[in-house]
Amino acid sequence: MMPSSSGGSWKSSGAGDGGVPDQFPAGLRVLVVDDDPTCLMILEKMLRHCNYEVTKCNRAEVALSFLRENKNGFDVVISDVHMPDMDGFKLLEHIGLEMDLPVIMMSADDSKSVVMKGVTHGACDYLIKPVRIEALRNIWQHVVRKRKHEWKDFEPSASADEQKPPEEPDYSSSANEGHNWKSTKRRKDEEDEAEEKDDSSSLKKPRVVWSVELHQQFVAAVNQLGIDKAVPKKILELMNVPGLTRENVASHLQKYRLYLRRLSGSPLPGGMNAGFMGGPDAGYGSMSSLNGLDLQALAASGQLGQLQPQSLATLQAVALGRSNNSKSAIPVPVIDQRNIFSFENPKSRYSEVQSQHLNNSSNNSSKQINLLPGIPTNMEPKQFVSLQQSGQHSFGSMNHQVLIQMGGQSQTQSQNQVQSNTNAHHGLRQPVLSNDMLTRGGVVDVSTTVYNPVVSVSQASSLVDFSMNHKTDSSGSSYPLGGSLGIPNVRATSSALQGDGNLDTKVSGRRIVPSYDVFNDLNQNREWGLQAVGLTFDQSPHSIQVGLDASSPLLLQHNRSSVSEMGGQNRILASGKVIFSPEVEARTHHNGSNVGQQRNTYVKTESHTDGSFHNTLYSEQYGQDDLLAAIMKQQQQGVGQPENEFGFDGNALDDLPV
Amino acid sequence: MAAVSQLQRQFIEYTTSLYNEGYLDDQFTQLQKLQDESNPEFVVEVVSLFFEDSEKLLNNLATALQQKIVDYKQVDSHVHQFKGSSSSIGAQRVTNVCVHFRNYCEEKNLDGCLRCLQQVKHEYILVRNKLETLFRLEQQIVQAGGSIPMME
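So the protein lines, in turn, are chains X and V. Just so you know, we're using the numbering used here here: the first sequence kicks off at 1 and counts up by one. Just so you know, we're using the numbering used here here: the second sequence kicks off at 1 and counts up by one.
Derived from the structure by calculation, the hints contain no laboratory data. Warning: the hint list may mix true and false statements.
[What the hints assert, rightly or not] Straight-line C-alpha distance at most 20 angstroms; calculated EDC-like pairs for lysine to aspartate or glutamate: (1) K73(V) / E134(X); (2) K33(V) / E44(X); (3) K130(V) / E45(V); (4) K121(V) / E138(V); (5) K68(V) / E52(V); (6) K73(V) / E45(V); (7) K73(V) / E237(X); (8) K56(V) / D35(X); (9) K148(X) / E69(X); (10) K90(X) / D125(X); (11) K73(V) / E150(X); (12) K33(V) / E237(X); (13) K112(X) / E132(V); (14) K56(V) / E37(V); (15) K73(V) / E44(X); (16) K73(V) / D35(X); (17) K71(X) / E98(X); (18) K112(X) / E98(X); (19) K71(X) / E150(X); (20) K56(V) / E134(X); (21) K112(X) / D76(V); (22) K108(V) / D109(X); (23) K130(V) / D71(V); (24) K90(X) / E61(X).
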């Protein structure tokens, strides 16, 4: 309809009254979409009365084209839910993906389910008709909020430092486990993030290698933007990594989203473990990708410094969690994720982002993975290890705190979740990525100081405690983000980790508090390539399978034949980098559903000469693809969201060097 | 002036009764507040738009309910829209009928739907007449040189 002069910024271009310049929120550029002409006219009038610049449209398609033509032409969108040509939620998704603008939904329908849908689809507010002008006066807050987050992203170091600290007290709902985990994780994330950032910048290679740091940055960016709204362009801007192209980001994002989806939605079938354990190489591949993701995420979150896994895990967890939450109505995840985010605040956004991605990524699991494909050496072996350890994440279990118990991390085998946890750990030599992985809810039990806080598997799910790796530094083995389980805190929820004798995971119900100590040992001994650092995650026959099963986003889904979901992601892992896709973590949120899935991610620590223990982390068993697939599945399942409009081809981690 | 003040009094009384009888609700007041010099006919414009839209909706509803096989989703969608627009201008009674109407749609109760259709039509016509009367009064006041009292 009639586009008003959108162009400008907030300056009081349209304000008209008195022409006070920059009198925010005057001049806010609003796009209103409603097929009801009466409402449209009234809204327009009301918005004008608020001194906003209004453009109205009665068709969603038209609105989208306006938005596409003027990428920066609008500040906020208000859309009706019921429209004949396109469902309001669909429009919401499109906008979120493509433009990352705040979208406010409105409807005469005030039923809880519809409002909930708005929330899950990422609407920043929901207005009930008849809309009153008072309700419209404050919409500017959504714009500010969004921008604020974006700005934060731009200053990673700064923000990281500032923002992280406050997070601590923020234990989000994940109630118990989440607590320690979160705080620990947060701290870690902050550190890691700061550290990682530098590294990543130097990481420019012709072929993008999604190192842990890079991934973390990515995740942070995504988190900042909001998983629903993260578009490659913006992510790229936020990441500000020279040499990184939009395509790289786009491809990675796809994977990440898949990962998130898996984490949240698709509980991996019990077979996950098996899947992971599948061919070592394959496993690694996927694993690494997963890990990589996580690691990256972790790295990004700054945590990688030491236990990359943790942060990654957390991130993943968060991401996963998010996905879970939003989509799969998994109660836990929501909490977890939120928690994760909360603490990490600015930085932790990564995790959030991840989870968001996970959530959002209805599409491809591929995204998740390979967060770390390229992370070869960045990760400190230890960290990576931790990722592995958490192998137990039960994908299915929501709580996926994938406790990647690497090596002996005592991953608290998440009791419930880790469905198959038992073995998960074993294989994981790698220190459990305590990255706060997924902490489903942030549950990554970061408390296990040894390694990244072991993601306390809040949910019984076998959270692969990727978070364990946070602390990897102690172990000396860095967790290579690349290979390392990017899986953030995959806290293998208790169950998963159990088998592992080494890990002293205190599986407290859910919390898997892997004693990363074990891990440390492992790490210390070797790089991630750790050969069995001692993480005997393998408690069960299969090596540590990161219970990526549905619940564990950890890419360790070997069993998951859903590898396919992962699309190309798995491959990334194959490159030997264990990429713990955040899925693992996030997924842990799936409580229940996938709990059984704990896949033990066998973190096979093969001594990689190249130092990228990615592979090692994941024992062959984990087919990365599997993991990814699993993760994806999880996400998808839980999510049930429409595939997104990513427009990418979702699968493949194209630019991940495998 | 006497004429004006008389008209104004009439206006106030009439408006008050409309509110009291539930034909209009606070949302209508909101609309009136939005009217200003830059757009002095705003309320009339919006309400006219509402009338136009409503008539279309009512026709669509009648058609939909006359089908051999009634598509209740479609019917519901129309009603939903009607509910939205009527509530936006403050036509409270119309909105209320729409709520019941939607329930019948959900139950796929054809009889109930048909009754509601009649009812909503009836309420719509009533509120339309009332508003037209109100606008006429306003016009008269303005023509007589007076100003329209603000209701609050």
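20 angstroms Cα cutoff - pair K56(V), E134(X): Distance of about 30 angstroms is beyond 20 angstroms: violated.
Does E61(X) sit within 20 angstroms of K90(X), going by the straight-line distance between their CA atoms? Within the cut-off at roughly 11 angstroms; holds.
Quickly compare the C-alpha distance for K112(X) and E132(V) to 20 angstroms and report which way the hint goes. The given pair, whose Cα atoms are some 37 angstroms apart, is violated under the 20 angstroms limit.
Holds or violated: are the alpha carbons of K90(X) and D125(X) at most 20 angstroms from each other? 15 angstroms, holds
Take a quick look at whether K73(V) and E44(X) sit within 20 angstroms of each other, Cα to Cα. 29 angstroms, violated
Need the status of pair K112(X), E98(X): alpha-carbon distance at most 20 angstroms? Violated, because 27 angstroms separates the two Cα atoms, which is more than 20 angstroms.
Given the proposed pairing of K108(V) with D109(X), does the C-alpha separation stay at or below 20 angstroms? 19 angstroms, holds
Is K68(V) close enough to E52(V), meaning Cα to Cα at most 20 angstroms? 27 angstroms, violated
Could you grab the alpha-carbon distance between K73(V) and E150(X) and see if it respects the 20 angstroms cut-off? Violated, at about 41 angstroms.
Is K71(X) close enough to E98(X), meaning Cα to Cα at most 20 angstroms? Roughly 9 angstroms separates the two Cα atoms, so the pair holds.
20 angstroms limit on alpha-carbon distance, applied to hinted pair K148(X) and E69(X): 24 angstroms, violated
Taking only the CA atoms, is the gap from K73(V) to E134(X) under or equal to 20 angstroms? 33 angstroms, violated
The structure does not agree with the numbered hints 1, 4, 5, 6, 7, 9, 11, 12, 13, 14, 15, 18, 20, 23 stated previously, though it agrees with the rest.
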